[in-house]
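Going by the UniProt record's numbering, the sequence shown runs without a break in its numbering and finishes at 516.
Since the hints were made in silico from the structure, they are not lab data. Take the hints with a grain of salt, since some may be wrong.
Only pairs whose alpha carbons sit at most 27 Å apart, straight line, appear in this in silico DSSO-like list of lysine-lysine [to be verified]: (1) 87 <-> 77; (2) 119 <-> 335; (3) 308 <-> 80; (4) 308 <-> 76; (5) 308 <-> 58; (6) 87 <-> 286.
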Amino acid sequence: MFAHVASDVATVDMLVRRRGADGRIPVRTLDRGASSSAAAAEPTGYPGGPYDTSLLVKYEHHVARHIWFGEERGPKKELKVAGHGLKLNSRVPLALPPQMESWVSRSGLASLQRTSLNKIDTNLVSAFVERWHLETSSFHMPFGEMSITLDDVACLLHLPIRGIFWSPQDVTEELAVELAVDYLGVSQSQAQSHVRSCRGSYYKLEWLYDIFVHHRAASSWAYATRAYLLMLVGSTIFADKTFTLVEARYLLLFRDLDGCSGYSWGAAALVTLYRYLGDASMYSCKQLGGYPTLLQCWIHEYFPTVGKRGENWNPAGNGGLPQAMRWSYRQGVLKVDDLRPILDELTPTDVIWRPFEDHRAWRVFDEICLYRGCLKWGETVVPYLPDRCLRQFGYRQYVPSPPLDCMMATDIDVDWISYHQSVVDVIGSSSVATTPSEVVDGYLEWYYRVSHPRLVPPHRDAPREVPVPVYDAGPSDPDWARVSTLIRRYLRQVNAEEEDPQFSDLFEALHISRSH
Numbered sequence: 001m002f003a004h005v006a007s008d009v010a011t012v013d014m015l016v017r018r019r020g021a022d023g024r025i026p027v028r029t030l031d032r033g034a035s036s037s038a039a040a041a042e043p044t045g046y047p048g049g050p051y052d053t054s055l056l057v058k059y060e061h062h063v064a065r066h067i068w069f070g071e072e073r074g075p076k077k078e079l080k081v082a083g084h085g086l087k088l089n090s091r092v093p094l095a096l097p098p099q100m101e102s103w104v105s106r107s108g109l110a111s112l113q114r115t116s117l118n119k120i121d122t123n124l125v126s127a128f129v130e131r132w133h134l135e136t137s138s139f140h141m142p143f144g145e146m147s148i149t150l151d152d153v154a155c156l157l158h159l160p161i162r163g164i165f166w167s168p169q170d171v172t173e174e175l176a177v178e179l180a181v182d183y184l185g186v187s188q189s190q191a192q193s194h195v196r197s198c199r200g201s202y203y204k205l206e207w208l209y210d211i212f213v214h215h216r217a218a219s220s221w222a223y224a225t226r227a228y229l230l231m232l233v234g235s236t237i238f239a240d241k242t243f244t245l246v247e248a249r250y251l252l253l254f255r256d257l258d259g260c261s262g263y264s265w266g267a268a269a270l271v272t273l274y275r276y277l278g279d280a281s282m283y284s285c286k287q288l289g290g291y292p293t294l295l296q297c298w299i300h301e302y303f304p305t306v307g308k309r310g311e312n313w314n315p316a317g318n319g320g321l322p323q324a325m326r327w328s329y330r331q332g333v334l335k336v337d338d339l340r341p342i343l344d345e346l347t348p349t350d351v352i353w354r355p356f357e358d359h360r361a362w363r364v365f366d367e368i369c370l371y372r373g374c375l376k377w378g379e380t381v382v383p384y385l386p387d388r389c390l391r392q393f394g395y396r397q398y399v400p401s402p403p404l405d406c407m408m409a410t411d412i413d414v415d416w417i418s419y420h421q422s423v424v425d426v427i428g429s430s431s432v433a434t435t436p437s438e439v440v441d442g443y444l445e446w447y448y449r450v451s452h453p454r455l456v457p458p459h460r461d462a463p464r465e466v467p468v469p470v471y472d473a474g475p476s477d478p479d480w481a482r483v484s485t486l487i488r489r490y491l492r493q494v495n496a497e498e499e500d501p502q503f504s505d506l507f508e509a510l511h512i513s514r515s516h
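Taking the hints into account, I'd like the entire structure generated from these sequences.
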């Protein structure tokens, strides 16, 4: 299954040279007569990778480095995750008054009323967060990088992708009070008391719901709609780690209820989630903010054999609803440390690389999803790098360019509007994939040098260097791919050998499934 290849750091070196307290392999002391330039050229790295640390420059603080040496975040290995599904479902009415429905529908946010999972599988989500790297805005899987893309957001949540980014003004506690009075229709004393209780420029989600109910009963439609929309985004795409509050500045988005449809809500959801994924991938962090339904449903779509989930319909029969509504929560039995080796053993054939092809009647692919650049929402700026996950777009994966430094970006809005050239640059260096998981020669060798694609170390006596895998092309049909995965997983669990007569039928079935 695996082929050992030469690496920049020899296995013998890794066994002999001591690692520092941070797990890193230092440059060895110069031999007598060796030049300083030779020492400078020698790569440094970590057991299991990355051996070339030029890409994952924050790996020293990443949770994966600690997990490799058996160090957990704390007594609870999984993250605390902000999921508002149950409460939101109880707060969203079966039907809004027509006066409100018109504004909510035109805002572009109406789909968020029904997309949230009732509960979140924190172990499943945590296992994927451990593979996220903020430098590349991607999950580092055993077979390469994958990410949540703008197309994924469009199909899963039905949020608009095109639109403007938002650059907010600072909102002090005093301004938060004024905004509540002007745009939520509450009294000055009520607003002051509430903001003071939040200990900052925030509003409580429960308070917003009460305002919505009050103004709906009084037919104060604009106040009711603003409170409702702010509660909605605070419970979904802008959920933070307080679990109960939403930033008061987001009320500015809904000052003009007729104009809030112009924002790129899809980019807003992605920027927020990327930001919290980056935070939660660090060893010191124990919570995840953002919209966990988006992450969990993305996992369900791309990884059909990982985790437990309920399915409300098959992909072809969804009737135009957001794809996130296809899934429902089911209690998982695997803990995060059970899932780590399972993810380590995933191969390209375990992935549904293009899960939304049956959904194109309702969400046509938009080429702006191949834009390579920075995305911005508020003061948060993140790199969006589809060239690192081209297989999700049907293209052959090449060795991508170094990630963008968004701290140096000055014309993000202009780059976003004039996205065409970046799309040409992304796909111009590739070609349509002949098999769903196709990569160029040398890609995996490069990837295993700059990444840490496996979280569970080999046996203590085995070489600590991780070999580069060699994968079969696998079946191109998603159903056959799933059959192949399930058969292979069972054969692996029972340590079956192909020469064993009692497993001959299953091996024959496996070969048949791979040929489709």
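The hints, checked one at a time:
no.: 1; hint: 87 <-> 77; in the structure: holds (26 Å)
no.: 2; hint: 119 <-> 335; in the structure: holds (16 Å)
no.: 3; hint: 308 <-> 80; in the structure: holds (19 Å)
no.: 4; hint: 308 <-> 76; in the structure: holds (21 Å)
no.: 5; hint: 308 <-> 58; in the structure: violated (32 Å)
no.: 6; hint: 87 <-> 286; in the structure: holds (23 Å)
The structure is inconsistent with hint 5 alone, although it conforms to all the rest.
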